[in-house]
Amino acid sequence: MVPADMSIFWLRVAVVLYAAGLIHAIVTVLRRQPAWFRPALAAFAAANLLHAVSITESWFATGLLPANNFFQSVSLCAFLIGVFFLFVYWRYSFASLSVFLFPLVFLMALLGSTEVPVPSWSNDGVRSAWLLMHVALVLLGYAALILTAVASIIYLIQERRLKTKTASSLFDKLPPLGTLDNLINRSMGLGFVLLTLATVAGMTWAFIESGTRWIGDAKIAISLLTWWLCLVMVFLRTSAGWRGRKAAVMSLTVVGCSALTWAAHVGLRPELMK
Amino acid sequence: MRLAITGLNHTTAPVEVRERLAVSADALPSLLYDLRHVPGVTESMVLSTCNRVEIAVAADEQCDTESALAGFLAKSRNLEEAWIRPHLYHFRDRDAIRHMFRVAASLDSMIVGEPQILGQLKDAYDAARTSGSINGFLDSVVTRAFSVAKRVRTETEIGQSAVSVSYAAVELARQIFGSLKGTKVLLIGAGKMSELAARHLERAGAGEIAVTNRSPERARAMAELFRGRILDYTNFTGQLHEMDVVIASSGAPHFILTRDQMKKVMAARRNRPMFLIDIAVPRNIEPSASELDGVFLYDIDDLQRVVQNNVTSRQTEAGEAEKIVADEVERMIARLKARELTPTIVGLQQYLEGIRSAEMERMRGRFGNLTPQQEEALDALTKAMMNKIAHAPIAELRRQAGSGQHHHFLDALRRIFHLNEG
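Here the protein sequences line up with chains A and B, keeping their order. Okay, so the first sequence: first residue is 1 according to our numbering, each after it adds one. Okay, so the second sequence: first residue is 1 according to our numbering, each after it adds one.
There could be a bad hint or two in this list.
[Unchecked claim] PhoX-like mimics (lysine-lysine), calculated; alpha carbons at most 20 angstroms apart, straight line: (1) A:Lys163 <-> B:Lys122; (2) B:Lys383 <-> A:Lys246; (3) A:Lys163 <-> A:Lys173; (4) B:Lys383 <-> B:Lys337; (5) B:Lys264 <-> A:Lys246.
[Stated by the list, open to error] Ranges of calculated distance between the beta carbons of each label pair, as one might list FRET restraints: (6) B:His241 <-> A:Ser73: 52 to 58 angstroms; (7) A:Met133 <-> B:Ala268: 40 to 46 angstroms; (8) B:Thr237 <-> A:Asp217: 34 to 40 angstroms.
[To be verified] Facing chain B, a subset of chain A residues (Cβ under 8 angstroms, in silico): (9) Ala61; (10) Gly63; (11) Pro176; (12) Leu177; (13) Gly178; (14) Gly241; (15) Arg243.
Worth flagging that the hints you see were computed from the coordinates, not collected in a lab. Ideal Cβ placement from N, Cα and C applies to all residues, glycine included.
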């Protein structure tokens, strides 16, 4: 194996280990309490080490800092975020940041690892099933996010009503804030998980399908931005406890971006029908 | 058969009168026993609560229920009839049914929509049943009253809003937290009103009730009531972020909780909602704290305003409930009338069927056995004739019953067809 291949090999192993961090974040969001942090942290640290190996290999092979193209710079950035997190955790024990950073680093590393194309689909059935799964996950994720946004707006109305102490029969039937809060947490957690899986499925599909061509596409950028906003929302809610107006604006933004992403992707269909 | 109700309530009699007439649960069986011996009374039930004493009876048409029941009530309580007479009301038939339905639906209560009255009526009904004082006519009216009360509860919102300050606090807490299971409550100050509100919260499932007070003795006494812990009055704010509901009623002349303190508390709670009830005068919590996200601050005036709104909305709902009651009274009367007519209608049909089958038998004797076809044809023919004969008087009876003028016609019909014999 040439050093460039070795570099991508170590990066892929690191991605697999980073996935443990993603699983930790998902379980934490769904259960609404920290879960499996220690093993995830160990895997994350190991992944970060292998990531360093990968970058060093690449550096030695080319003699240049591996930030020459999009993939390399994303990978490098992911590595630095990982180092940053480990440092912050070691220095300040800021564990709740993991919900935000673990999925981010995983996805960025995954993106970086798609620099070298793999052989195309061996089976047409797998190709379409994979795509179908991606679309189904996206749509389910959108449904959960829309539910989150609607519940956030109702929360806002109910909160106003209780704050201003006005008894209006129109809103008397609104559910209690506690119930809405639970609903928002659940639907948002579910939406985030579905969207994350959908993004991973979509990225790997596009990677196998068209090598590196897909990365420059604007709709890919919108999709990743939507996922990132969703991640920010989940983080602000779980660690900073964003509720009320801020949470409503945030969830509406995510739903708006989801709508844009969807609109951008509908244009894909004719191309896929070929 | 007639239905009659005599009694008094909080609107017709002051408490001095009501307490003299009140009947304890132990005394109820003997009172019901005595009622059975009032001439003309066939069924009876006695309802005695702190706001009303009523006797409901089913009696013969001829019975003067008004004087009979007033006399009985005075005698049984060893009072002058003339003394209680001005406080008594008396309802008969349609009005009695309407009154019973209104009482069951809590429309006649001091606090309209309060739910206890239905339970008290059920107890009165059980006592009457146990002592064998209620069986047919009155029974059907009372059990119907229970369904009417249920219909009013489900179709209107008469009992849904709190009409006392301490209960309004619990209702608001429910709107904030949903279930109150496991909610943590802190009482600052150990006043009567905060005790009442805490008791309501405890009943609604609050998980822990902590107390802090300037005087440790009173804090201890209050904490014992709720088996709660005591927080140190000088630095309880350190644990404030654990609390979901705070009821402040201390006599402190200044703010015990400021906006800045609450800001820190909310950050420590990660903005999870917190319900602050300030029933102290002067107020204990800085009013601007309510501007913070997730802080719901209600002072005594706010709570009273909630109660006032609820009272007004109950009055609106009561209008709806009255419509339901009016509708149910009509249905009940129609049902009672149908019940009154049924024996005559069935008797008439049986009488005609008797003639028909006797004539068929006679004909068989004269013409010998008929073929099955002939038998069937004759059967159909005679049945159709008898139905047509019965149709006109039954239809007329029903028509007359609708206008309430059916008694003479009913009597005539029974005589013409000899329905009173045998």
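* Which hint numbers does the structure go against, in order from smallest to largest? -> Going through the list in order, the structure violates hints 1, 2, 4, 6, 8, 9 and 10 and respects the others.
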